[in-house]
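If you read the sequences in order, they're chains C and F. Numbering-wise, the first sequence is residues 133 to 470 according to this note's numbering. Numbering-wise, the second sequence is residues 1041 to 1552 according to this note's numbering.
None of these hints come from the bench; they were simulated from the model. The C-beta atom is built at its ideal place from N, Cα and C for all residues, glycine as well. It cannot be assumed that every hint is accurate.
Label-pair ranges, simulated between beta-carbon atoms [said to hold, decoys possible]: (1) C:Arg250 with F:Glu1459: 30 to 36 Å; (2) F:Arg1307 with C:Leu244: 34 to 40 Å; (3) C:Thr442 with F:Pro1139: 25 to 31 Å; (4) C:Gln443 with F:Glu1423: 49 to 55 Å; (5) F:Ser1444 with C:Gly154: 55 to 61 Å; (6) F:Arg1479 with C:Ala236: 26 to 32 Å; (7) F:Arg1355 with C:Arg250: 31 to 37 Å.
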Amino acid sequence: MKPETSLADLAIRYGFLLLMAGLVVVFAIARPAFVSPQSAVFILQSVAITGILALGVTATLVVDGFDLSIGAVATSAMMLSAYVMVVWEMGAVAAVVLCLVLGAVVGLINGLLIVKMRVPDLLATLGMMFLLVGLQRIPTEGNSISTGMVLSDGRNATGTFAPEFLMLGRYRIDFILPDLVPLSVVFLLAIAVLVWVFLEKTRHGRVMYAIGSNAQASALAGINVAGYRVLAYVISGVMASIGGILLSARLGRGDVASGNNLLLDSVAAALIGFAVLGAAKPNAFGTAVGALFVGILLQGLTMLNAPYYTQDFIKGAVLVVALVFTFALSGRSGRARG
Amino acid sequence: MRKTMPETAIAIRGLTKAFGRNAVLRGIDLDLPAGQVTVLMGANGAGKSTLVKVLCGVHRADSGEVRLEGRPFAPASPAAALRAGVVTVHQNINDGVVPDLDVASNLLLDALAERRDIFLNTRAMREEARRIAAAVGLEIDVTRPVAGLTLADRQLVAIARALALRPKLLILDEPTSSLSLTEAQRLFALVDRLRDEGVAILYISHRMSDIRRLADRIVSMRDGQISGLSETKPLDYAGAVRAMLGHEITEVDIAIPPHGRPVLEARGLRLRAETQAFDLVLREGEVVAITGLVGSGKSELAAVLFGLLPPVAGRLTLDGRDFAPGSPGQAVSAGVFLSAKDRRTNAVIPDFDIQKNLTLPFTRRYSGLLSLMRRAAERAAAERAIADMGVVCQGPRDAIMTLSGGNQQKVVVGRWLAEASRLLILDEPFQGVDIQARRDICRRIRDSAAARATLVLCAEIDEALEVADRILVMSEHRLAGSHRNEDIDLNLLMAQVAGTLAGAAESMEEPA
């Protein structure tokens, strides 16, 4: 039972990080501009929103659940913030607070549907997704929200996006170079650290992993399994609403057409995270790396002038490879050791 | 000793079956006569289910011979066993029915699976189904989906489906475990009729009331062998239980401590609506074992004490104060711990290492500011528990699944011994462990027992004798006996386990 470090073990543990480093090297040789600070920041900015959503869905994966409503929560939060400021003419603080409340309430409802009504997690959150996709368009009859839009009573909306609100998505901090790091990247990094500490270092995270591994044994250890399940969905909902706030602040309008890829990209990031360091389970660090990986890949392909439709294909291929790393390889070596 | 009967339906000779190095059936000789109900008793792991699985074609025997009405019988698949006339109704009722299909389709399922035509003649099917249902006294609309039926009706559908195949041997595996009294009566009437029609019936059950009602013969199994056979009336029920449980008395060195003050008191406790109330007092410093057959109510008692199930009636006090836990969490806060049975499903967190498994119920104690885990404190506690329990491992960070069964059991039991409790309940703490692990766990339970009350639930009497100061017997969901663990009258204890003494026997007379 001595832990031997075979080649397969090494491949499972570090394979994905090596692959990522290799990608960077290849892109750097092909396009030297790829390794500039600006390029690095651009990559981070492109993954900030999906990364935050992915960290939320990671919390539900940890308790052996799944949240399909995150994309819809994010776009709902975007529409809500725009409506609050443009139509109700309220300030940035009100917009942010209402969006966070929206995310928490949706998460709470998801959690209660799953825990109390015993609706399977995929179905409950899928239903919630449909509901929100429709709901967010009702107040404006399906139109995008921006200053000057015509309201249903014929007046023009006169409210504007508060400048402080727009800063959340557009402000850049001086770091090495002036105006380099966008605020949204700072949010991503801060949230990633917070979620990582919560899941790995606190007893709440510990208990959530126990529930994901064996819920019945956890309940018999005196753990409030239902409570923690609901908490996971609330975390996921709040994260998604933060993503929606950043999206709204970046766009400066409530755009009904944006945010289509949020769900799939963030789920992909969380699942790729399973393969990082051979964790074979949902984890915050892996999710962050997974989001980064997707960002690097897409930025590199863009710089190589790869057509846009190949990018989805490559994203999917990467996800499949990552899942093979996680399940086939680690599963086989696990059996061999046992 | 075996009578040669001309109408023996099944004759089994020298049957063996092993899974890897684990010999499960070790030379079974058994006759099942036509027109008789043979009850098969055996503790968990005795080999009952393996024997059934060989007979119904799921497993193939390693050696030995089975003859069905004189011809060799070695079914290669469950379908082959069915065709040959051996029909099994499994314990898990949904194995016998397809919930989403209607009653008619279920009744004709075996025929449907064999047929070659593509389209179904619905009307003819329903006619046929009605005929089959009527034959077992099942009065039901055959167009209803099975999912909407009661458990008892589902079971009758499964049996009716079986009977449509004109069985020579019908195997019923714990068929009454989820039936009400009246539903069970209906089943018994059906069994009576089949017996009259000359079907050989193998009836697996632990319920003494069922056994008294139905048995023509009782066969006991223990450790993969037939350990007892009673086929002359009156049947020797206590003897059958003794043969099933065995009792090689191990060297027991129990020093019974002086009377402590009561920790848990239960007054007028009733576990089920139709069962009798009983009292229970557990004292500080003593280790009490409760023994009894599977289904005698031991686990329900544990569930009530741990807040998983409210009692039907009765009042609990813990250290003199009212105690009515609404959840395991509340029970744990009150100082009542339960180490659950079946560690795979109820205790082990497979993704965790030893340390995290050990500290799981008490993470709050090893966390500080902002709920952050205090690693050093946690590790120290884990190392202490590993040393106390004698867990064989390289260190607290070993994955739990790399340990042997006995060492896994030490971890999940040690989880609850690591913290002080008022009442510690251990449900089958020696389940699936080797003799050394059993000794270690037993020693640790007794060594740490002084400052709490300890309740150990075990079906094996040997285990109770090895661990307890006092042994209580549970039967039909109430306490049927109490013994100080010195010079125990084992015959009396066995009789209480079998329920052949006072009270239990009165209501259920044997049919003449």
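Outcome of the hint check:
1. Taking 30 to 36 Å as the suggested C-beta distance range, the pair C:Arg250 and F:Glu1459 conforms, at roughly 33 Å.
2. About 38 Å separates the C-beta atoms of F:Arg1307 and C:Leu244, a value consistent with the hinted range of 34 to 40 Å.
3. Distance hint for C:Thr442 and F:Pro1139: a CB-CB separation of about 47 Å, inconsistent with the stated range 25 to 31 Å.
4. Hint check: C:Gln443 to F:Glu1423, Cβ distance near 51 Å, so the stated range 49 to 55 Å holds.
5. Range check, F:Ser1444 to C:Gly154: about 42 Å between beta-carbon atoms, so the 55 to 61 Å window is missed.
6. Distance hint for F:Arg1479 and C:Ala236: a CB-CB separation of about 53 Å, inconsistent with the stated range 26 to 32 Å.
7. The hinted window of 31 to 37 Å between F:Arg1355 and C:Arg250 holds, with their beta carbons roughly 32 Å apart.
The structure fails hints 3, 5, 6 (numbered hints given earlier, in ascending order).
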